[in-house]
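A.B. asks: Let the sequences and hints guide you as you build the complete structure.
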Amino acid sequence: MKQSRLVEIGCDGVSPVRMGGNEGLVFIGGPCAIESLDHSVYMAEEIGTICRDIGIGFIFKSCFDKDCRSSPDSFHGLGLEKGLDILKKIRSHVKVPVVSDFSDPSWAKEVGTVCDLIQVPAYLCRQTSVLRAAAKTKKPVHLKKGQFMSPWNMKNSVRKLEGFGCDSIVLTDRGTFFGYNSLVNDMTSFPIMASTGYPVCFDATHSIQQPTSMGNISGGQREFIPYLVRAATACGINALFMEVHDDPPNALSDSNTVLDLKYLRHILEEANTIHNTYLRMKQEHGLIHVK
Amino acid sequence: MRFLQLSETPHVLLETALVGDALREMNRHGLGICCVVSNDMKLVGCFTDGDLRRLISNQQKPLAALIMDDLCDYSTTDPLCAGEEESGEQILALMAEHRVSDIPVVANDKTLLGLANIHNVIQDIRRP
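Taken in order, these protein sequences are the chains called Y and P. Per our numbering: the first sequence = residues 15 to 305. Per our numbering: the second sequence = residues 17 to 144.
Quick caveat, the hints were computed from the structure, so don't treat them as lab data. Each hint should be verified, as a subset may be incorrect.
Stated by the list, open to error - Derived DEER-like restraints, expressed as beta-carbon distance ranges:
id: 1; chain 1: Y; residue 1: 81; chain 2: P; residue 2: 80; range: 28 to 36 Å
id: 2; chain 1: Y; residue 1: 305; chain 2: P; residue 2: 141; range: 48 to 56 Å
id: 3; chain 1: P; residue 1: 93; chain 2: Y; residue 2: 176; range: 18 to 26 Å
id: 4; chain 1: P; residue 1: 40; chain 2: Y; residue 2: 305; range: 25 to 33 Å
id: 5; chain 1: P; residue 1: 40; chain 2: Y; residue 2: 67; range: 50 to 58 Å
id: 6; chain 1: P; residue 1: 54; chain 2: Y; residue 2: 56; range: 50 to 58 Å
id: 7; chain 1: Y; residue 1: 296; chain 2: P; residue 2: 99; range: 21 to 29 Å
id: 8; chain 1: P; residue 1: 55; chain 2: Y; residue 2: 277; range: 25 to 33 Å
id: 9; chain 1: Y; residue 1: 303; chain 2: P; residue 2: 109; range: 38 to 46 Å
id: 10; chain 1: Y; residue 1: 263; chain 2: P; residue 2: 72; range: 48 to 56 Å
id: 11; chain 1: Y; residue 1: 283; chain 2: P; residue 2: 77; range: 33 to 41 Å
id: 12; chain 1: P; residue 1: 37; chain 2: Y; residue 2: 93; range: 39 to 47 Å
id: 13; chain 1: P; residue 1: 72; chain 2: Y; residue 2: 56; range: 29 to 37 Å
Even glycine gets a Cβ: it sits at the ideal position worked out from N, Cα and C.
C.D. replies: Take a look at the structure:
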């Protein structure tokens, strides 16, 4: 896999996390949606402790708005103002970089004043107005590959961002549509997307999702998370993304796919071990390019 | 020797172009070649119908993936060139020796000046 350029995430009061190249594995994670200040702080602290113990960089992720819920009755988030206020407090209290996404281009500016990493939702990865707004924040952009996109066509979105002045991008695969209500995980997407020169990330919890398989909500097969994480880290990803919750059945969003916090340490330890083995092999034997 | 000036034929692409960009331009203008240049118009490579043929024959990638690849990955990086002072007969001899019908014309510093196509070379030689 092509050696990626380095992307640094975090500034102004939080220790920056470096991603890409020969850097250590980075974890991007947290509850799918911001549920309350107390819950967010608790999750950020718990995940932060695990990451510090293992020795991997951590970026807290949680969203203030869930625009893509299948049902209009599902929890749609605390909203821009309240959500960003909580993320600001996470930054100052837990001292970790934070990331959130936005679905309305007019929200990007405010998101950019709080978040260290700006996430473009997978469904909107081609939308020029969203990419332009993300680039304008001057923060690194977390670009999630749409479930309908080929990995090679993500180059178009990357070029749009670059055209708008952004050269700090993280590309994430969160699974690809495989017929109706199902996703497949194509490991070749990592070297393909890495050929853009940017770090790549695997979203393990959305990848096991069964989109809208349960009528008006999505299902998921959490039992496959550890297998896919091991496979992706062996491919040489630079970062791992997972939505994590301390009480998945009662999570307000993505309850069928979020990883129970009690499994996080084990999965991250495995991922980190594989990642470090990959780095060591790369150092000892170099990168191989099969033709 | 009067060669095709840059302004006369759009056979030039920047080195950041994709294979799909080259195919579109070559197809739109009926060209068998496109010249790949740096930002300051220095010739860095050429991509021809022959390169495309070899690419499709040797690659197993889906076409949709192939057209998203960087053109530079498949261009000839040290292409055959002619200097602007060379005569039509000299260029024709070069074409015959290398069995090509298009040769980029460059200045001493590799700045692309235009394209010598076999048809306009023959026309130029025949001109009284």
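A.B. asks: With reference to the structure, classify each hint as holding or not holding.
C.D. replies: Hints, one by one, checked against the model:
For residue 81 (chain Y) and residue 80 (chain P), the hinted distance range of 28 to 36 Å is satisfied, since their beta carbons lie about 29 Å from each other. With their beta carbons about 43 Å apart, residue 305 (chain Y) and residue 141 (chain P) fall outside the hinted range of 48 to 56 Å. Checked against the hint of 18 to 26 Å, the pair residue 93 (chain P) and residue 176 (chain Y) passes, with Cβ atoms roughly 24 Å apart. For residue 40 (chain P) and residue 305 (chain Y), the Cβ-Cβ distance of about 27 Å falls inside the hinted range of 25 to 33 Å, so the restraint holds.
About 53 Å separates the C-beta atoms of residue 40 (chain P) and residue 67 (chain Y), a value consistent with the hinted range of 50 to 58 Å. Between residue 54 (chain P) and residue 56 (chain Y) the beta carbons are some 54 Å apart, a value that agrees with the proposed interval 50 to 58 Å. A beta carbon spacing of about 45 Å between residue 296 (chain Y) and residue 99 (chain P) contradicts the range 21 to 29 Å that was offered as a hint. For residue 55 (chain P) and residue 277 (chain Y), the Cβ-Cβ distance of about 51 Å falls outside the hinted range of 25 to 33 Å, so the restraint is violated.
Distance hint for residue 303 (chain Y) and residue 109 (chain P): a CB-CB separation of about 39 Å, consistent with the stated range 38 to 46 Å. A C-beta distance of roughly 53 Å is found between residue 263 (chain Y) and residue 72 (chain P), which places it inside the suggested range of 48 to 56 Å. A beta carbon spacing of about 36 Å between residue 283 (chain Y) and residue 77 (chain P) agrees with the range 33 to 41 Å that was offered as a hint. At roughly 43 Å, the beta-carbon separation of residue 37 (chain P) and residue 93 (chain Y) lies within the given 39 to 47 Å, and the hint holds.
Take residue 72 (chain P) and residue 56 (chain Y): their Cβ atoms lie about 57 Å apart, and the range 29 to 37 Å is violated.
Hints 2, 7, 8, 13, counting from the list given before, are not met by this structure.
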